[in-house]
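S.K.: Here is what each chain is made of, one letter per residue.
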Amino acid sequence: MAERVAQARFVSVDLQETEDNRALIEAIVADNPDIVANHFPGVVKLQSATQLVVKRASVEERLGRDWETHEFQMAIVTVAGNFTEWDEDEIVIAWEH
Amino acid sequence: MTTTPKKPKKLSMKARYSALTRDLDWEPSYVEFEKLYPHVTYEGIKIHDWSKWEDPFRLTVDAYYKYQAEKDKRLYSVLDGFAQGQGHLTLSEAKYLNAMKIFLGGVTPLEYQAHRHFAYLSRHFAGPGPRFAALCQSIDEMRHCQTEIHTLSNYNKYYSGFHNFTTQHDRVWYLSVPKSYFDDALSAGPFEFLIAIGFSFEFLLTNLLFVPFMSAASFNGDLPTMTFGFSAQSDESRHMTLGLEAIKFLLEQDEDNVPIVQEWVDKWFWRGYRVAAIVAQMLDYMLPRPVMSWKEAFELYFERQMLDGLFPDLAYYGIKPPRFVQQAIDEKEILSHAVYWVFYNFSFAANFTTTIPTEEHQAWLKQAYPDTFEKYYQPRWDRAKEIADDGGRFFFGGLPQLCQVCQIPMTFPEPGDPTTICQRNSEYNGENYNFCSDGCQWIFDREPEKYIQAWLPVHQIYQGNCGGPSVPEVLAWYGIAEGDNGEYEGSLDHVNWTRWHAQQADITGAHPDAQDAAVDAAAVKEA
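As you go down the protein sequences, you meet chains A and B in turn. Note that the numbering used here numbers the first sequence so that position 12 is 12, with each residue one more than the last. Note that the numbering used here numbers the second sequence so that position 112 is 112, with each residue one more than the last.
These are computed hints drawn from the structure, not numbers from a lab. None of these values were measured; they are calculated from a predicted model. Each hint can be trusted.
Straight-line Cα separation of at most 25 Å, DSS-like style, residue types lysine-lysine; simulated pairs: (1) A:LYS45 to B:LYS332; (2) A:LYS55 to B:LYS66; (3) A:LYS45 to A:LYS55; (4) B:LYS332 to B:LYS375; (5) B:LYS14 to A:LYS55; (6) B:LYS10 to A:LYS55; (7) B:LYS385 to B:LYS366; (8) B:LYS73 to B:LYS157.
Below, a sample of chain B positions facing chain A; criterion: calculated Cβ distance under 10 Å: (9) PHE57; (10) PRO212; (11) ARG238; (12) LEU314; (13) ILE329.
The beta-carbon is built from N, C-alpha and C at its ideal position, and this holds for glycine as well.
Chain A extracted, bound-state conformation (with noise of 0.2 Å):
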């Protein structure tokens, strides 16, 4: 059978869909202007082309409480790519070469 063609390069992560989890999905979409959101039963994907990146400030303004970054780890079900930056701040996700 025929060799497969490569197609374009994403990033990705999927989330539970949930309603503590709605702040948060809400300032992923609002912080990445190239997002592409799918829903299946109980997950959301988020995809982009270039990178993720996940904004304390913005969870925080959304969720209207103090949010930190390791809870991000609540809501992850899988992600393609690398954590290239993850501190108090931000978390990046992109490949990296």
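Given the coordinates of chain A, assemble chain B onto it according to the supplied hints.
M.R.: Positioned in the frame of chain A, the structure of chain B alone reads:
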């Protein structure tokens, strides 16, 4: 609203991680390095600087326990509510649970083995970064094992097939597929295990097991499984990160590591992919309300995310996509159909039941597999239905030839020819060994001394090691009880399911005798 800037903390996340993990390490002074870490050189992997290991999660013990405890609290409140509210009656259908019976026997014991082996890695790696990451993963794997057992134990009160999974994992023919896969990894060196399980399984393939399957649980009313699945999966993303860090670390440390790692990726992709064949049939055949076909899941989570996403990153280090990946791509429209047919033929000797897919389900399969289902597989089901309609139920009468490496019966087709079963063989020390594919043969030929020791269930039955020569004796040795196995239609689970729903419908209780109508009808049929 606006948020005020965070109060400055005493330590940044990076500094905290460094202080609470790396700084707790010390250089041995009165024991030689080789005696303290005796297992890190014999595989030929060269590590020059263990401190170059990165942990992007920057996890510390306090943060780890805080979030893990919260995950467990959320899960157990769901389990409790579901049990209290008779949640099992809201499943899509009792036959959905066949998928969970396979999961409990096939996956849960592997979680426990992973717990043990990551504990070993957390002792034997010579750097604090990978040791701590392995320690967290070891505890995670124990949590997964426990939460899976607790989640599914509620179904064990009402349904067959769940009651004996630990013994069955060691004995039942199809469970030797996941068991031998993991035993293969456990008996490898520490770095090979890391590439086998940490990278090839957790990073490349685990999404295919958990993500579509947990969505399917959500779609089929199985709230507890969905919740434990997502709870486990939140750890999984950390494990994926460990696997990815592991491979990059090994590749960056020394160029001589590259060919060794490439062979492990080639081997463990194929080993893991063959085990995933069991997941393929669960997704396509065992869900009364299917969500995503194996083909779709494979294209999205493997081809798009791994081949198009990850492998260009690894090409930077000189790593190529796995050796037999094209064969896996070519099989994506064939895999689930071949494997479920084997299960349909042999479920008399398993802890689950099978049945002919309904007309509606076959219509979905036709849509999902427009090039293969109608042409190759529907005619089989038509024939099975003719036999069933005549009052028979076709089960295979003999024992199948198993692949020496993956231990799956010979069922996969020749590349490019779905109607011919592939079989390969190699000779070693005057003995003949059989394989399902070029991939499994290549794996055997690399390490024949390892794979000639395989515990093949069919050979063991013939050698008289499985309770006796007859089917009832083998089933007794497997610990299969009445109602666990065979055909779903008319099975204990099916009859109970029908009766319980009739009871729910009979709101006045006016016809108490009618409640047992389904049972009586089944009894009459037998008589």
